[in-house]
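Asks: Please model the entire structure based on the sequences and the hints provided.
Sequences listed follow chains A and B, in order. The first sequence: position 57 = 57 (my numbering), numbered continuously. The second sequence: position 329 = 329 (my numbering), numbered continuously.
All the given hints hold, so there is nothing to weed out.
With the C-beta cut set under 10 angstroms, the calculated list includes, among others, these residues of chain A facing chain B:
#	residue
1	42
2	80
3	120
4	139
Label pairs and their in silico Cβ distance ranges:
#	chain 1	residue 1	chain 2	residue 2	range
5	A	84	B	336	44 to 50 angstroms
6	A	47	B	435	32 to 38 angstroms
7	A	83	B	336	46 to 52 angstroms
8	A	89	B	60	32 to 38 angstroms
9	A	94	B	149	15 to 21 angstroms
10	A	140	B	77	57 to 63 angstroms
11	A	132	B	141	48 to 54 angstroms
12	B	174	A	159	49 to 55 angstroms
13	A	94	B	316	38 to 44 angstroms
14	A	94	B	35	57 to 63 angstroms
15	B	372	A	89	51 to 57 angstroms
Honestly, the hints are just simulated from the structure, not real lab data. Just so it is clear, CB atoms sit at the ideal spot from N, CA and C, and this is done for glycine as well.
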Amino acid sequence: MKDLISGAGALFAEFAEPEKAQRAYTELRARGYRSLDSYSPFPITSEQAQGSGGWPPLAIAVFASGLLGGIAGYLIQWYANAYSYPLNIGGRPAHAVLAFIYPTFAAAVLFAGLTAFIGLLIALRLPRLWQPVMEIGGFEHVGIDRYWIVVGLDGGALDVDRSRTELNLLGAVRILDVAADS
Amino acid sequence: MSDPAPAREPRESRESADASDFGNALAVRVLSPLWGAGRGWWLLFAIAAAGTLLLIVTVWYSVAVGTGVWGTNIPVAWAFPIVNFVWWIGIGHAGTFISAILLLLNQRWRSSVNRLAETMTLFALVNASMFPVLHLGRPWFAYWLVPYPATMGVWPNFKSALTWDLAAIVTYFVVSALFWYLGLLPDLATARDLSPRRRQRLVYGVLALGWTGAGYAWRRRGSTLLILAGLAAALVVSVHSVVSLDFSIAQLPGWHSTMFPPYFVIGAVYSGLAMVLVLSILVRRGYGLYDVITDDHLERLSKLVLATGLLLAYCYVVELFIAWDSADPYERAQYFVHRTRGPIATAYWLMLTLNLLTPQLFWFARFRRNALVLLIAGCAILLGMWLERFVIIVGGLARGFLPSSWAAYTPTWVDISILIGSIGLFGLLFLLFLRFLPVAALSEIRSDRFFTSLHQS
Numbered sequence: 001m002k003d004l005i006s007g008a009g010a011l012f013a014e015f016a017e018p019e020k021a022q023r024a025y026t027e028l029r030a031r032g033y034r035s036l037d038s039y040s041p042f043p044i045t046s047e048q049a050q051g052s053g054g055w056p057p058l059a060i061a062v063f064a065s066g067l068l069g070g071i072a073g074y075l076i077q078w079y080a081n082a083y084s085y086p087l088n089i090g091g092r093p094a095h096a097v098l099a100f101i102y103p104t105f106a107a108a109v110l111f112a113g114l115t116a117f118i119g120l121l122i123a124l125r126l127p128r129l130w131q132p133v134m135e136i137g138g139f140e141h142v143g144i145d146r147y148w149i150v151v152g153l154d155g156g157a158l159d160v161d162r163s164r165t166e167l168n169l170l171g172a173v174r175i176l177d178v179a180a181d182s
Numbered sequence: 001m002s003d004p005a006p007a008r009e010p011r012e013s014r015e016s017a018d019a020s021d022f023g024n025a026l027a028v029r030v031l032s033p034l035w036g037a038g039r040g041w042w043l044l045f046a047i048a049a050a051g052t053l054l055l056i057v058t059v060w061y062s063v064a065v066g067t068g069v070w071g072t073n074i075p076v077a078w079a080f081p082i083v084n085f086v087w088w089i090g091i092g093h094a095g096t097f098i099s100a101i102l103l104l105l106n107q108r109w110r111s112s113v114n115r116l117a118e119t120m121t122l123f124a125l126v127n128a129s130m131f132p133v134l135h136l137g138r139p140w141f142a143y144w145l146v147p148y149p150a151t152m153g154v155w156p157n158f159k160s161a162l163t164w165d166l167a168a169i170v171t172y173f174v175v176s177a178l179f180w181y182l183g184l185l186p187d188l189a190t191a192r193d194l195s196p197r198r199r200q201r202l203v204y205g206v207l208a209l210g211w212t213g214a215g216y217a218w219r220r221r222g223s224t225l226l227i228l229a230g231l232a233a234a235l236v237v238s239v240h241s242v243v244s245l246d247f248s249i250a251q252l253p254g255w256h257s258t259m260f261p262p263y264f265v266i267g268a269v270y271s272g273l274a275m276v277l278v279l280s281i282l283v284r285r286g287y288g289l290y291d292v293i294t295d296d297h298l299e300r301l302s303k304l305v306l307a308t309g310l311l312l313a314y315c316y317v318v319e320l321f322i323a324w325d326s327a328d329p330y331e332r333a334q335y336f337v338h339r340t341r342g343p344i345a346t347a348y349w350l351m352l353t354l355n356l357l358t359p360q361l362f363w364f365a366r367f368r369r370n371a372l373v374l375l376i377a378g379c380a381i382l383l384g385m386w387l388e389r390f391v392i393i394v395g396g397l398a399r400g401f402l403p404s405s406w407a408a409y410t411p412t413w414v415d416i417s418i419l420i421g422s423i424g425l426f427g428l429l430f431l432l433f434l435r436f437l438p439v440a441a442l443s444e445i446r447s448d449r450f451f452t453s454l455h456q457s
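Replies: Here is the structure:
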């Protein structure tokens with residue numbers, strides 16, 4: 001999911017209690033809102049906490065780069081010890097498959113780990129020193145004790161006033177209409 | 001050293017205070033050390049800095065004069081530096097065990113100590129990686145272990161366990177650091193938002209990489225942590241297995257055993273858990289975090305210590321049985337004569353006492369919930385595990401196949417100073433962590449408590 005704010009604009013509803021924000025999120029989802037997101041100092045839904053459902057694109061990238069790392073790791077060892085400069089140490093084979101296993105595995109894990117981390121940063125478009133949401137007054141409390149539910153406006157397909165009322169009834173402290181790309 | 005530690009408060013009231021506290025107060029309290037240090041911190045910092053200075057001076061002396069200043073000599077060609085290496089890297093394993101394997105097993109309680117444990121892993125690895133490099137004798141050639149296209153056209157020998165160690169340590173350090181940083185990210189954002197001064201806000205803001213706590217970011221982070229945990233779980237068992245191969249691919253009596261990889265991994269996690277116990281008890285007392293690291297958490301840790309301690313005891317027994325069963329006179333002499341009655345007998349019996357008897361305390365709930373007992377037991381196990389590596393390494397080398405090449409080993413003051421200095425360096429790094437980074441996994445603790453309170457209401 002992209003940043004909702006960079007789409008068609010969004011309603012930002014601030015909550016003072018995580019219970020209310022969490023209830024608003026599940027309620028609105030049940031009512032059929034699809035472009036829905038939250039900002040909070042800690043995960044407020046179980047899928048946020050556990051990343052449930054997985055993330056196939058990253059998993060595939062991690063697997064592929066792990067495979068690539070393993071192949072590269074093995075090739076380096078083969079090139080160094082069996083091809084470029086084979087050393088005869090006690091008559092042991094220059095192309096020593098068993099001895100090459102661990103560095104191969106280590107290279108695979110190293111590549112996979114780096115891909116997982118860098119892949120996450122790319123997907124979240126981090127690091128960023130500034131983001132549009134940070135311009136919202138009071139947003140600096142999002143790391144401490146404020147919880148925001150964001151309703152994407154879907155290019156005008158949504159009844160803004162009705163959504164506003166619903167958010168109010170769910171306990172929002174204040175609601176901001178944030179225009180797109182402002 | 002913010003709040004005076006409510007050490008005498010009854011346990012019930014400590015725990016009843018925590019269940020609902022997922023709000024602002026917890027974050028403010030856990031992050032309060034970031035905005036200034038108390039006198040206690042400065043005192044410990046001075047001690048640790050003195051230790052680090054000792055390390056710098058003795059390392060400089062060793063490099064300038066040569067490894068002859070150590071007690072290491074033929075036939076005991078591996079001594080203190082390798083003992084220290086295996087000890088430190090073993091200690092690091094508990095951090096990965098707690099962060100990766102307990103995460104995969106969905107053990108929520110890990111969030112109370114996982115930040116401490118992961119940080120400990122990183123710093124233990126810093127210490128561990130120093131020793132093989134020093135032990136090269138000419139540490140300025142350490143980069144020869146990396147396969148790079150040199151003009152000389154020679155390459156590292158990948159049939160040597162030394163290059164395997166390099167691969168293991170580099171991978172382990174990088175993956176642990178990524179895991180640690182990803183866990184730290186939301187807490188750095190909280191530190192950014194709580195910063196009282198602009199300069200702190202700037203530093204934590206840059207470190208937080210622009211984290212805003214968006215729902216999709218939490219979900220992605222959760223998935224990525226699971227993937228990294230899967231990778232790190234493989235490292236928990238593989239890294240120390242490779243370290244054990246340093247020994248078991250040699251033919252020395254006492255080293256040449258197929259049991260070494262699991263035996264070393266168990267010992268590693270055992271010693272690391274002891275270190276986590278020691279650190280979490282000290283941090284809990286220093287920062288008054290009795291509601292974050294509760295007696296329940298310490299009890300769970302001590303149960304893990306007991307479990308790994310029993311596994312280690314099993315390994316000791318099997319090791320002795322295999323030595324007897326091999327009917328090999330050298331193997332039998334190593335285990336039943338040299339260790340029990342030879343020059344290292346004191347270290348051997350002390351090791352057995354500390355490693356086998358200490359965890360037996362944890363059969364009793366009253367000891368599992370007594371911080372002082374746990375602290376002393378943790379230190380005893382750490383000492384016992386250092387002795388285990390000493391017995392294996394020095395004991396093996398001092399009594400090889402040829403009685404004519406048997407020799408005694410005595411460490412010099414430089415050996416001992418480097419060991420003490422490395423503990424100082426660890427302390428220094430850990431104190432800097434306590435001072436400048438969130439000491440507990442705030443977002444995870446708050447999230448866990450939030451869900452608990454939701455289920456209760």
